[in-house]
Amino acid sequence: MAQVSIPDSEVDIVIGAVQSDLASFMEEWRPIFSRYHLIIVKDPDLKDELKVPGGFNVNVYTKSDIDRVVGSSSTTVLFSGYSCRYFGYLMSRKKYIISVDDDCFPARDNKGDIIDIVAQHVSNLTTPATPFFFNTLYDPYRKGADFVRGYPFSLRHGVSCALSCGLWLNLADYDAPTQALKPGHRNSRYVDAVLTVPARTMMPVSGINIGFDRELVGPALFPAMRLAAEGKFRWETVEDIWCGMCVKVVCDHMGTGVKSGLPYVWREERGDAVESLKKEWEGVKLMEEVVPFFQSLRLSKAAVSAEECVVEMAVAVEERLGPVDPVFARAADAMVNWIKLWKVAGTRSAVA
Amino acid sequence: MAVASVSPTPLLKDELDIVIPTIRNLDFLEMWRPFFQQYHLIIVQDGDPSKVIKVPEGFDYELYNRNDINRILGPKASCISFKDSACRCFGYMVSKKKYIYTIDDDCFVAKNPSGEEINALEQHIKNLLSPSTPFFYNTLYDPYREGADFVRGYPFSLREGVPTAVSHGLWLNIPDYDAPTQLVKPRERNTRYVDAVMTIPKGTLFPMCGMNLAFNRELIGPAMYFGLMGDGQPIGRYDDMWAGWCIKVICDHLGLGVKTGLPYIWHSKASNPFVNLKKEYKGIYWQEELIPFFQSATLPKDCTTVQKCYIELSKQVKAKLGKVDDYFLKLADAMVTWIEAWDELNPSEGDSAELANGVGKLTI
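If you read the sequences in order, they're chains A and B.
For the first sequence, my numbering assigns the number 1 to the initial residue and increments by one for each residue that follows.
For the second sequence, my numbering assigns the number 1 to the initial residue and increments by one for each residue that follows.
Because the hints were derived from the structure by calculation, they are not lab data.
Treat the hints with caution; some may be incorrect.
Okay, derived cross-link-like pairs now, DSS-like style, lysine-lysine, Cα gap no bigger than 25 Å in a straight line [said to hold, decoys possible]:
(1) A:K111 to B:K111
(2) B:K282 to A:K143
(3) B:K111 to A:K143
Partner residues aside, some chain B positions facing chain A, computed with beta carbon under 7 Å [to be verified]:
(4) T9
(5) F136
(6) V151
(7) R152
(8) Y154
(9) T181
(10) D195
(11) F206
(12) I291
(13) P292
(14) S296
Cβ atoms here follow ideal geometry from the backbone N, Cα and C, with glycine treated the same way.
Model the full structure from these sequences, guided by the hints.
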């Protein structure tokens with residue numbers, strides 16, 4: 001299949017800064033990032049001055065910017081910690097957003113070449129997804145691959161890909177119990193594949209390394225699930241997992257696709273899994289409650305846009321999960337408020 | 001939590017049969033000797049039964065030609081295809097082992113990116129002996145593989161997994177393309193080694209290729225019928241596809257898993273695309289009706305064994321696919337004949353493993 005060439009001007013790279021010194025991070029990514037526009041959002045809880053090297057086309061948002069858009073009472077609730085990146089998604093006006101955590105660096109593929117995660121995410125997003133039938137040779141649109149014998153022809157045109165979930169070498173995105181049990185465990189396996197996660201299949205979407213089509217699903221990526229003891233390490237969050245479950249429902253409903261696999265980033269270590277264990281359990285328990293809910297969640301025909309899908313989902317969350325734990329009722333509220341905020345601050349006509 | 005397996009993979013040499021359909025010769029076995037020699041082979045000879053197929057020295061095997069199939073099954077032999085590799089499923093039926101590995105006679109030992117020869121059978125055994133995870137996709141693929149695990153957000157209650165019924169391997173060099181694709185891309189070769197095994201999620205169908213396939217015969221054997229193909233039939237090259245759609249519906253119903261990915265074998269022979277086109281032609285149209293049929297097929301709760309599931313499926317095939325072509329009425333009958341023959345040849349097994357409560361706490 002011919003690769004579509006996307007102009008750089010359609011891409012925003014959004015970085016949520018949970019640490020203040022981004023110098024080495026930015027320098028490592030410079031060869032890949034420098035041609036694009038960047039949005040860096042500083043965690044509103046971060047006190048230190050943000051260090052960003054020069055030579056980038058970048059907009060930096062800090063607490064005062066966030067306060068101005070959402071009101072200072074909402075700033076921490078919505079955008080504290082890793083969730084600060086969502087402010088960047090809100091402010092962007094580009095079609096494609098690539099987002100990576102600030103403890104991740106360029107990785108090398110199995111040939112030893114540096115991986116251009118932006119090019120790979122964009123490639124994933126601009127080639128069709130195939131959620132209705134599994135192709136055993138993975139992404140049929142990749143060079144050197146195709147649909148295999150037995151793949152129905154009527155399904156070969158695929159659907160638009162809305163979300164691209166990348167992976168991590170070195171420190172994989174394991175939860176705290178797993179990492180605490182296997183402290184030396186590092187992911188060294190480079191799996192040279194991209195594949196579409198089938199429709200109606202649930203998955204854990206990690207916010208560490210993603211790309212998405214903002215026009216298709218922008219409103220459906222939101223900070224809604226905040227744990228009581230949420231901290232500044234990925235082990236202590238489930239905001240992306242919750243959001244990812246919602247996005248998958250939206251994509252399945254709208255007939256768009258979600259891909260997973262390449263590109264890889266190299267994730268450095270931060271924090272202590274054993275320490276995080278104490279905070280992690282709330283998230284682990286919550287996941288158990290939500291699986292049957294998401295499995296059976298169906299949206300109505302009336303929900304056509306991503307915004308409408310999210311609003312409908314919020315109602316379902318409130319009704320069916322609200323009684324289980326107050327964190328869900330709060331999440332439902334947050335989802336509704338997010339859509340209101342998106343309409344005000346996130347659409348083309350709004351002034352950033 | 002997935003446990004990293006440090007112990008060596010069991011050989012299972014007395015629990016696994018290798019089923020090979022052939023019409024030519026078995027020279028390819030020489031290359032597989034280091035990996036296959038300890039196992040019992042079941043050779044299903046297709047085509048002219050008077051031809052003598054030479055099996056390389058040192059292999060322990062049983063060989064069945066068409067005369068044997070007719071003798072053993074009597075009138076029920078009608079369900080076994082002639083002049084098509086679909087006849088291999090006869091081998092599954094006569095086997096007495098728990099596991100089957102089937103491989104085509106133009107498939108050779110492949111090398112991994114480090115240049116080492118791949119022991120495909122060992123990988124299939126690993127796949128079959130470790131659980132599957134069909135209810136929730138793990139982004140790091142098979143969590144039971146050494147060096148991998150479940151990722152953050154993967155529900156703990158689903159980490160036990162379910163038994164693996166099928167292990168679907170892949171092919172380097174000549175990929176398993178259909179005739180139209182072969183005609184458009186005659187030179188394309190699969191050179192990409194994807195170092196992953198993964199579970200195909202519940203509710204998702206896939207094109208199952210019989211070239212490099214292993215399964216737990218006790219869990220799913222009776223559903224591995226490869227249909228009516230070849231001589232006297234309007235279609236070919238859909239035998240494994242048909243079986244794949246049937247087994248997936250049944251595995252999804254019974255809470256069993258299907259894995260795909262490693263191991264790779266080296267597929268050496270590209271079949272003639274024009275010949276293939278003639279065989280596949282009807283299938284290309286029919287599959288547009290077959291896929292929605294299988295995607296929406298549901299089995300009642302009282303279908304608790306593979307045989308019951310399969311018979312029920314055959315009824316639905318008859319009822320809903322008969323209008324596509326009369327062939328499906330014949331096929332539905334053949335599906336029933338197959339089960340009758342299976343049960344006759346495997347009486348002591350009774351119904352294959354009854355899985356009353358396949359999955360953990362969550363009813364999916």
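To see whether the hints hold, each was checked on the structure:
1. A:K111 to B:K111: Holds, because 17 Å separates the two Cα atoms, which is no more than 25 Å.
2. B:K282 to A:K143: Judged against 25 Å, a Cα distance of about 29 Å means the pair is violated.
3. B:K111 to A:K143: 21 Å, holds
4. T9: Since chain A brings no Cβ nearer than about 18 Å to T9 (chain B), farther than 7 Å, the hint is violated.
5. F136: With Cβ-Cβ at 5 Å, under 7 Å, it holds.
6. V151: 5 Å, holds
7. R152: 4 Å, holds
8. Y154: Holds, about 5 Å.
9. T181: Where the cut-off is 7 Å and the nearest Cβ of chain A is about 6 Å from T181 (chain B), the hint holds.
10. D195: D195 (chain B) check passes; min Cβ-Cβ to chain A is 5 Å, inside 7 Å.
11. F206: Nearest chain A Cβ about 4 Å off; hint holds.
12. I291: 5 Å, holds
13. P292: 9 Å, violated
14. S296: Violated: closest Cβ of chain A sits about 12 Å from S296 (chain B), beyond 7 Å.
Violated hints for the displayed structure, listed by number in ascending order: 2, 4, 13, 14.
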